[in-house]
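Participant: Here's the letter readout for the chains.
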Amino acid sequence: MSMKLNTRQVDGVTIVDCSGRITLGEGSVMMRDTVRDILAKGNKKIVLNLGEVNYIDSSGIGELVSAFTTTKNQGGELKLLHLTKKVHDLLQITKLYTVFDVKDDEAAAVKAFK
Amino acid sequence: MEQTVSYTLDSTLETVDHAEEKATRIATELGFGEDEVMQISMAVREGAVNAVLHGNAYAPDKKVVLCFERTSEDLVITIRDQGKGIDLEGIPNPLAPENLLKTSGRGIFLMRSFMDVVEIRPSQTGTEIKLIKHVHGPSAGGKEASQ
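If you read the protein sequences in the order shown, they are chains A and B.
Converting from the first sequence to the numbering used here requires adding 3 to each position, the first position being numbered 1.
Converting from the second sequence to the numbering used here requires adding 63 to each position, the first position being numbered 1.
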């Protein structure tokens, strides 16, 4: 299953619903372009909803890191929502789980922005 | 699965997907559990990425050879490229605090995390990565192999 991204606004926060695979190639590029577009429009509060992401490889992990740092460098904030077990485990073993702000409730994620 | 199966693949992104698919199918047929199948397929994907991107650098005249061998105790997967050989010393530890926010450099770490043994032999004519997963019992996980 290829990557699909859907963007919506909730109380000034841009939520990106991601589904499929974030892997080297199309999936990673889509993720990068989407986050850049959001930031270019001046939206600096971003939530990546990964609830339907069933697979991620090292390139996909790199893309999440890139999205996080790009947003932060532009004065914004990026949070992760609804990690699947696979993604959760990968972030744990790569020690990135504590780097990201991970939420499991959308309303809480939206409220958590400063 | 026969004792040994070998594939010669182009240096393309499609090869990465095909390598992962073959690993998933073979590991499933050998009866590995769902988590182990995921680990094996992801390790093979990372090995294939290494071969296609960092080894052969997408060169159309260079091939990736992917080999699956079932021994009495192990599934042994070998991935060879025809690149210049990777510099293992030059690969930083992705878990070091100063490297955590790097966007690349986690492939070999993931292979080592998911497989029981990982051997990497770089040379001037290419790199060979050997990935070994121990088979537990008559068939891994004690399941019947599917057709």
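Don't take each hint at face value.
Covered stretches of chain B, going by a simulated chain A footprint (3 or more residues, C-beta under 8 Å) [to be verified]: (1) 97-109; (2) 138-146; (3) 152-166.
Here are some chain A residues pointing at chain B (derived, C-beta under 10 Å) [stated by the list, open to error]: (4) E80; (5) K89; (6) T97.
No wet-lab data here; the hints were simulated from the structure.
Just so it is clear, CB atoms sit at the ideal spot from N, CA and C, and this is done for glycine as well.
Participant: Evaluate each hint against the coordinates.
Facilitator: Outcome of the hint check:
1. Given as covered by chain A, the segment 97-109 of chain B passes the check, having 4 residues with a CB less than 8 Å from a CB of that chain where 3 are the minimum.
2. Residue count for the segment 138-146 of chain B with a Cβ under 8 Å from a Cβ of chain A: 0. That is fewer than the three needed, and the coverage hint is violated.
3. Under a criterion of three residues with beta carbons nearer than 8 Å to beta carbons of chain A, the stated coverage of the segment 152-166 of chain B is upheld, 6 such residues being counted.
4. Annotation: interface hint on E80/A violated; nearest CB of chain B at approximately 15 Å, more than 10 Å.
5. Proximity of K89/A to chain B holds as hinted, the smallest CB-CB distance being about 7 Å (cut-off 10 Å).
6. A distance limit of 10 Å between C-beta atoms decides the matter here; for T97/A the minimum to chain B is near 6 Å, and the interface restraint holds.
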